[in-house]
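Make the complex out of the two chains shown on their own, each in a separate frame, by following the hints.
Here the protein sequences line up with chains A and B, keeping their order.
So the first sequence is numbered by the working numbering: it starts at 25 and just counts up by one.
So the second sequence is numbered by the working numbering: it starts at 15 and just counts up by one.
Among the clues, some could well be false.
[As the list claims (entries may be wrong)] When the alpha-carbon atoms are kept at most 30 Å apart in a straight line, the in silico DSS-like pairs for lysine-lysine are as follows:
#	chain 1	residue 1	chain 2	residue 2
1	B	Lys117	B	Lys36
2	B	Lys82	B	Lys51
3	B	Lys82	B	Lys117
4	B	Lys72	B	Lys82
5	B	Lys72	B	Lys120
6	B	Lys36	B	Lys56
7	B	Lys36	B	Lys72
8	B	Lys120	A	Lys35
9	A	Lys102	B	Lys56
10	B	Lys51	A	Lys102
11	B	Lys56	A	Lys41
12	B	Lys117	B	Lys71
13	B	Lys117	A	Lys35
14	B	Lys82	B	Lys120
15	A	Lys35	B	Lys51
16	A	Lys39	B	Lys56
17	B	Lys72	B	Lys56
18	A	Lys102	A	Lys41
19	B	Lys72	B	Lys85
20	B	Lys124	B	Lys72
21	B	Lys36	B	Lys82
22	B	Lys56	A	Lys35
23	B	Lys117	A	Lys39
24	A	Lys102	B	Lys117
25	B	Lys117	B	Lys51
I should point out that these hints are in silico values taken from the structure, not numbers from a laboratory.
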Amino acid sequence: GAGVSQTPSNKVTEKGKYVELRCDPISGHTALYWYRQSLGQGPEFLIYFQGTGAADDSGLPNDRFFAVRPEGSVSTLKIQRTERGDSAVYLCASSPGGTVKRETQYFGPGTRLLVL
Amino acid sequence: GENVEQHPSTLSVQEGDSAVIKCTYSDSASNYFPWYKQELGKGPQLIIDIRSNVGEKKDQRIAVTLNKTAKHFSLHITETQPEDSAVYFCAAPGSQGNLIFGKGTKLSVKP
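So here's chain B without its partners, still in its complex pose (with noise of 0.2 Å):
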């Protein structure tokens, strides 16, 4: 089954700069991509996803960039404000369509 490694566990950045996570996956047969962001006491929102067809999807100050040949995929923050600070998921399709999650990535961006 999937397999999905999210790193870094936290991540600490001064405000204006960039925030990049990293994951990668196990199933070269998973064409779909998305990322949640959660806050404190939330469900997970998505913010983003992109699926195997594209190698980069952008979105205002948000990235997503796949390299299915070594299967990991990233997220790209720039211009990072205080109110990005919380935690992101990746995450990559089971075998009945459910999401197999990373653990998870903590941004703080400090004013």
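The following block holds chain A by itself, in its conformation from the complex (with noise of 0.2 Å):
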């Protein structure tokens, strides 16, 4: 079956400008995690969705970034006034969601995102 897909798979932006970054995860599973991925470094956490709702937004940087999920299935996260230290790959997984912290995660491709 279709995995996770994200869109777009590389965006060039400007430092200041606005971005918006699309995750399709695998059908039916409930939980989404979005991650960010710099140079050399593993993923780290940014936010995570249970069905529509934000149960963990603890990862998310500052207020310039923010996810939303509204009918449980795509999320999109939202980058307000980017600035050159936000250039790294952002990784979107999904998991079923039944007991999330023994669960398997399914990562996408990342969308790699370069300020300049």
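Right under this line is the structure:
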């Protein structure tokens, strides 16, 4: 079946601009996670959705970052007033959502964001 | 909160040799430990995982061992092949089911 998909695959923007990154999870998965991966580092947690609600947004670095999942499927990560330090690969993962602390998370290919 | 340490950061082996990557974790309540392989320009791909009710799990050339007392787990790849070259990440659960990742090990398999 189809895996996690993310669009766009690459995004180049200018400092100060607004960007939206989209994630389509595996069909039926209720848990959805956003991570950010800087060069040479492991993925770092940003936000977790269980269904439509953000169950944990403690990883968002500041209030320029926001994410939504209005219908419990597709999620959009929104970054306002982008800064050069926001340049990274943004990864989305989903899992079935039952016992979330013991479930496999399936990752998408990521969106490579470059802020000039 | 959980903290995951991974060693080594780079590993170079000859084709056919074995490779071992080790991780330690801090939260004794953690009970699920996945390993991901990430190739250049791609997202992490799960290759094997282990839950705390077992001490070892194998899948063909890949195995993972878990020592709950010492709070460490290891990835073992036998008969390495050039296509095993990638960055490998270990992980453990965070407080909300998110994963806490190690910093990664870049494995190079020389033909």
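Proposed proximity, A/Lys102 with B/Lys51 (alpha carbon, max 30 Å): 27 Å, holds
A/Lys102 paired with B/Lys56 [C-alpha distance capped at 30 Å]: 22 Å, holds
Distance restraint between B/Lys36 and B/Lys56, which requires alpha-carbon spacing of 30 Å or less: 23 Å, holds
Hinted pair B/Lys72 and B/Lys56, Cα distance within 30 Å: 25 Å, holds
Hint consistency between B/Lys117 and B/Lys51 [alpha-carbon to alpha-carbon, up to 30 Å]: Distance of about 12 Å is within 30 Å: holds.
B/Lys124 paired with B/Lys72 [C-alpha distance capped at 30 Å]: Holds, because 24 Å separates the two Cα atoms, which is no more than 30 Å.
Given pair status - B/Lys117, B/Lys82, alpha carbons within 30 Å: OK: B/Lys82 and B/Lys117 at ~21 Å, within 30 Å.
Pairwise hint evaluation, A/Lys35 against B/Lys117, where the allowed Cα distance is 30 Å at most: 25 Å, holds
Agreement of B/Lys117 and B/Lys71 with the hint, judged by alpha carbon distance not exceeding 30 Å: 23 Å, holds
Given pair status - B/Lys56, A/Lys39, alpha carbons within 30 Å: 25 Å, holds
Holds or violated: A/Lys102 to A/Lys41, with C-alpha atoms at most 30 Å apart: Satisfied, since the Cα-Cα distance of roughly 11 Å is no more than 30 Å.
Satisfaction of hint between B/Lys82 and B/Lys72, Cα-Cα up to 30 Å: 18 Å, holds
The structure fails none of the hints (numbered hints given earlier).
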